[in-house]
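Visitor: Residue numbers (my numbering), protein chains in the order written: chain S, 851 to 1143; chain H, 104 to 429.
Calculated from the structure, these hints are not laboratory results.
You may find that some hints are simply not true.
Unchecked claim - Cβ pair distances, simulated, as ranges: (1) S/R1051 - H/Q425: 26 to 36 Å; (2) H/R132 - S/A1029: 17 to 27 Å; (3) H/L187 - S/L962: 36 to 46 Å; (4) H/D174 - S/W1046: 51 to 61 Å; (5) S/L916 - H/D174: 48 to 58 Å; (6) H/W177 - S/L1126: 45 to 55 Å.
Quick reminder that beta carbons are idealized off the backbone N, C-alpha and C, glycines included.
Spelled out from the first residue to the last, the chains are:
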Amino acid sequence: MNNVHRLRRSLGKAGLFAAATAVFLFAVFPVYWVLATALRPTGEIFTREPTVFPREITFEHFERVLSGVLIPGTSFWSFLTNSLIVTVGSVAFTALLALLAAIAVARFRFRLRSAFIIMLLVIQMVPIEALIISLFINFFHLGNTLDVELVGNLSGVFVIYVAVALPITILMIRNFVSAVPRQLEEAAAIDGAGGWTIFWRIMMPLVAPGLAAASIFAFITAWNEFLVAFTFLQNNTGAYTLPISLQYYFGAVSIEWGSIMAASTLLTVPVMVFFLFVQRRMVSGLTMGAVKG
Amino acid sequence: MTQTLERPTKPEVERPEARVTLSRRTRLRFIPYFLILPALIVLGVVLLWPIGQMLWISLHDYGLHQLRGQDAQWNDFGHYAYVLTDDRFWSVFRNTIIVCLSMVVLTMILGTLVGILMHKLPRWASTALGLGLMLAWATPVISAAIVYRWLFDTRYGLVNTLLNSLPNWLVGSGWNEFNWFNSPSTLFPILIITVVWQSFPFVAISVLAGLKSIPHELYEAARIDGAGGWRSFWSLTFPMLRPLFALLLILQVIWDFRIFTQLFILGGGVSNREISLIPTYIFQLGFASTPPDYGMGSAIAVIMTVLVLVISAYYLRTMIRQEEAR
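When you get a sec, could you build the whole thing from the sequences and use the hints?
Guide: Laid out in structure tokens, this is it:
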């Protein structure tokens, strides 16, 4: 009896580990395959007898990508610069605007407060995929009125990234501002600290982690964004960001899988690094309140 | 709605410095508006105004001429009337529903199972599996789409090579030239795999977090009462985590409804009209047709927006209630 019981238990345990291994492989294999393709010589890629592990490691694809021979007249560095300008810039801008609005929402009671919050909640549900046509038309006309190019260069994309990230960023930072105990601020005020000092010395150190998390979240979204960048920048390879430069590689006569995978790796690495920092918060942020405890 | 959040203000006590406080108070009253103003301007110009414009354009004949400044003609809901009787729209719509539901169901089932699995594993194994899941989750959407296109590549893709090496009586022959990407019946399943691969980790990790919040004693009590795994899931885990499952379900539906990039990459652009879903269909009408039909595209965009808002109504209601409870 006891033996049967123990056998069943260890069988169950083996089953658990087998299932875990299968899930692990399913999750990891495509990521591995990107790297494995990027690192093996072309001869090993275009073969009818592929091997799981590269027989030979080479960095030739990375060199090709970095030297920019794939899309004539451009370079990887210009794509990277564009991506950095548009993501880092829009994230910094978003963080600033969101911090101001979050302080208003967390620290003041004003008439339009709940209307503003409800507007944020609803607006973040409106799919950008639906809005893309009127965004394009809007920026085309706005550019004509203001006599600046908003379509075909980074400025339009920049502003859209700010607007898309704003609602969730305001809501996330708001929670951190509310969590700063008022007594702390009052104590500082009694000690003679002015509004500015209270903001920098009391509020900011406590809000900074939230600001960082929200910014990383916005960074990842903007860094990966495809549709808006593609719609606005299609005809101007000089303004391409990294994600749409990847798409461009498919236009070549024969697809250079090694180079595409190398470029894809370069796009992925920063995201993976940042993701490590915010992974926990992403779950709690998205399912706010639904998990008890 | 606006009133619910206001707290009753304390009656003002008569004090000698009342006039000073009054002017300070009026100044204070405007501060929050100054603080939200920059955000409001950006949201207004970039999102609110285009939402209005989307509605307006969908009700007019709007093409390239109108983009360049010609006056748009009101067309009496003509786009909506056309779309709702158009076979092409309905076939795209049906495909969207089928593909989206398949993704959601598979993601939820797989995610929940993996969440439970992680809960049962020893700590080190659970952490290791969690790291693996994170790799899939963190991969940029475009990179994910590209690697699946490579895995299923016609000539040198790993999948075709494997299928080719299996005995013919099992899987048939001709795999070494099989193109997965030009027909809906083979492309959509790959799209579904690509999306499920990226979204089940989020469900799994959320479910794991949920499971950890359920007191262990409850499961022991259920086991003593003779409940097996299946039974204790449906009468214990599921009811306890119902709000979480509802939320995950809605988020998945909304995210999967909006799939664009993966289909764009797998389908090699949007020129193949057979394989579009609603988001790519909107894009086609606006940017890949000659001449572009912004009016029709916007009408479909309005329909899509309404659908998403209806689906997210429960989510929005929960969030708004939480706001009011604060």
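Visitor: So, for every hint listed, does it hold in this structure?
Guide: Against the structure, the hints come out as follows:
1. Under the hint 26 to 36 Å, the C-beta atoms of S/R1051 and H/Q425, about 31 Å apart, fit the expected range.
2. At roughly 25 Å, the beta carbons of H/R132 and S/A1029 sit within the given window of 17 to 27 Å.
3. For the pair H/L187 and S/L962, the supplied restraint of 36 to 46 Å holds, since their beta-carbon distance comes to about 37 Å.
4. Against the hinted window of 51 to 61 Å, the Cβ-Cβ separation of H/D174 and S/W1046 comes to about 52 Å, which satisfies the hint.
5. Here the CB-CB span from S/L916 to H/D174 is close to 51 Å, well matched to the stated 48 to 58 Å.
6. Distance hint check: the CB atoms of H/W177 and S/L1126 are about 54 Å apart, consistent with the given range 45 to 55 Å.
The structure meets every hint from the earlier list without exception.
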